[in-house]
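Line by line, the protein sequences give chains A and B.
Reading the first sequence from the start, the letters are residues 0 to 259 in numbering that gives the first Met the number 0.
Reading the second sequence from the start, the letters are residues 0 to 262 in numbering that gives the first Met the number 0.
Calculated directly from the structure, the hints in this document are not laboratory data.
Heads up, a few of these hints could be off.
A few chain B residues that face chain A, going by a derived Cβ cut-off under 7 Å, partial list only [as the list claims (entries may be wrong)]:
id, residue
1, G40
2, P43
3, E104
4, L106
5, K110
6, P137
7, Y169
8, A170
No residue lacks a Cβ here, since even glycine has one placed at the ideal position from N, Cα and C.
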Amino acid sequence: MHKIIAISGVVIKELYRRKDFYVLFVLTALITLLMGSANFFGDASLVGYITEIALLLIWISLLVISISTAARQIPSERENRTILPLLAKPVTRGQLIMGKFIGSWLAATIAMLVFYLFLAAIIWSRGEGPKISTYIQGIWLHWVSLAIITAMAICGSVFFSAPSANITITLIVTSAILMVGRYLNLLAEQNPEPFQSIIYAIYYAIPHLEWYDLRDSIVHKHPPAPWWAAGAATLYGTVYSAIFLTITWLRFKRTPLTNA
Amino acid sequence: MQQIFPRKATSVDLIHVLLGNARELLANHLIKKADVYFHAGYYPSIFHEAAQARSRDHLHSEEYDEHAHEKEMSFLSKPKDIIDRFGRYFYPTEHRHLHGHETAEILPWLKFAASVDPQNVESYVITAFWLRRELHKPDQAEAFLREGLKANPNNLTLLYELARLRWEEYADPLKATNLLHFVLNSLRPKIQQEPNPEQIEIFHRAAILLAHIYEQQRDFKSAVSILQQTLELNTAPKPEVIQQKIEELNQHEVEPPTNQTCK
Chain A
0 MHKIIAISGV VIKELYRRKD FYVLFVLTAL ITLLMGSANF FGDASLVGYI TEIALLLIWI
60 SLLVISISTA ARQIPSEREN RTILPLLAKP VTRGQLIMGK FIGSWLAATI AMLVFYLFLA
120 AIIWSRGEGP KISTYIQGIW LHWVSLAIIT AMAICGSVFF SAPSANITIT LIVTSAILMV
180 GRYLNLLAEQ NPEPFQSIIY AIYYAIPHLE WYDLRDSIVH KHPPAPWWAA GAATLYGTVY
240 SAIFLTITWL RFKRTPLTNA
Chain B
0 MQQIFPRKAT SVDLIHVLLG NARELLANHL IKKADVYFHA GYYPSIFHEA AQARSRDHLH
60 SEEYDEHAHE KEMSFLSKPK DIIDRFGRYF YPTEHRHLHG HETAEILPWL KFAASVDPQN
120 VESYVITAFW LRRELHKPDQ AEAFLREGLK ANPNNLTLLY ELARLRWEEY ADPLKATNLL
180 HFVLNSLRPK IQQEPNPEQI EIFHRAAILL AHIYEQQRDF KSAVSILQQT LELNTAPKPE
240 VIQQKIEELN QHEVEPPTNQ TCK
């Protein structure tokens, strides 16, 4: 286990060495503060629009941070040929994948906590914010979704030849799931065969990341989902992350360690 | 025709340059966003059939069809499968409207809409409605309507709303009747030449309000005269109701008006 922790520690250090997080955080903070400074008919207690805009920016930023961090891990080790001494420690390929996954996920987690703390400070300094229980559940489920997304990006890194292709495709796929995943069954019903079966197959196969997006409930001050449902979604997320990591391991153990 | 409000500003601002005609689409989207907030996040997506041709009457009128609105908003049928059923725990699934100070949350989107496309009259009308009805800020509502009139000089919908505000919030029959006469006089020739439903509706609403103000002022003769115009121009959706009201007014003893009004 300590080998996995050591590998993940290196990945976390990468987060604060790279500029992505700082740029995205400053951008989010600036836009949020700019929006917060606007005056709407003399009412300074309005928080809905700020929460909505800030949460959208947080989701976009964390998608970019988690995918770009995870997608670069294995290809950069192979490209720099540091993977050979790393595996000679000895570290198994499975431990390497787990270390990279946990490191990328925790790096995204640190970024996520900074973003959400900033948002909480802005919201509750203005007036009545969302329900705290919904806010906490929203953070929790967002964290679980980051695990799935990170695992997807790690998985993509052993299939795609370049990290850029992996980052682009993973971003498109995750955004598409978040935007239309919930409606694929409606879409399937409106299509003739064989498209209907194909859309249904996609609907049942994809990880339903939209379950983890509680932005509407937070913004519109709804109560949280039942905690058993959040627990079940966490289990679902764990299973999907495990599936992606297993596929990664099966592929990676047969892959040559260096690019010819 | 003499203009009541100054001419439209012609300066080309940054939003205009950046967005061009997309401003109209964006403004409509922002008004829709306000509607989403009004329904506390419970709103049909583009994948739900109910999203097609929805009425926004409930956003700026107390007189919308509640039953039809409920029908429009029952877009969420029974869950189709386990994923659908389970997913519903994580987003709003209950139809409700914001009330009281909560409604202020829709205002930023409406103000954004007005900033993006100042020619979108709907954003001014809806904002003014909520500012005065739920938030009790008639002064802010009037200021925003006047802002709309600066961008849309002599817009008859905005003038009607301003008249309504002057009457309902300030009991100011003089300004209200002046504005309503201007609206009716502007619309009359247009309706006589080439009527369109929007003009007919605004004429009818302005006439009803003006007749109501005259009735309150006990100037029954003027009230009857205004109502007769709606019958002559065929703008009343229910002429029999108007006819009944005219007969009712005719039965009153005609008394001199209590306040001076300007026609």
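Hints, verified against the model:
1. A cut of 7 Å between beta carbons decides the hint on G40 (chain B): the least distance to chain A is about 4 Å, and the hint holds.
2. The interface hint given for P43 (chain B) is violated, since its Cβ lies 11 Å from the closest Cβ of chain A, which is over the 7 Å cut-off.
3. Proximity of E104 (chain B) to chain A holds as hinted, the smallest CB-CB distance being about 4 Å (cut-off 7 Å).
4. Interface hint at L106 (chain B): satisfied, since its Cβ lies 5 Å from the closest Cβ of chain A, which is below the 7 Å cut-off.
5. Proximity of K110 (chain B) to chain A holds as hinted, the smallest CB-CB distance being about 6 Å (cut-off 7 Å).
6. Contact between P137 (chain B) and chain A, as hinted, is not supported at the beta carbon level, the nearest pair being about 12 Å apart and thus beyond 7 Å.
7. For Y169 (chain B), the suggested interface contact is broken, since its CB lies about 18 Å from the closest CB of chain A, more than 7 Å.
8. At its closest, the beta carbon of A170 (chain B) sits 23 Å from a beta carbon of chain A; the interface hint therefore is violated under the 7 Å criterion.
Checked against the numbered hints listed earlier, the structure breaks hints 2, 6, 7 and 8; every other hint is satisfied.
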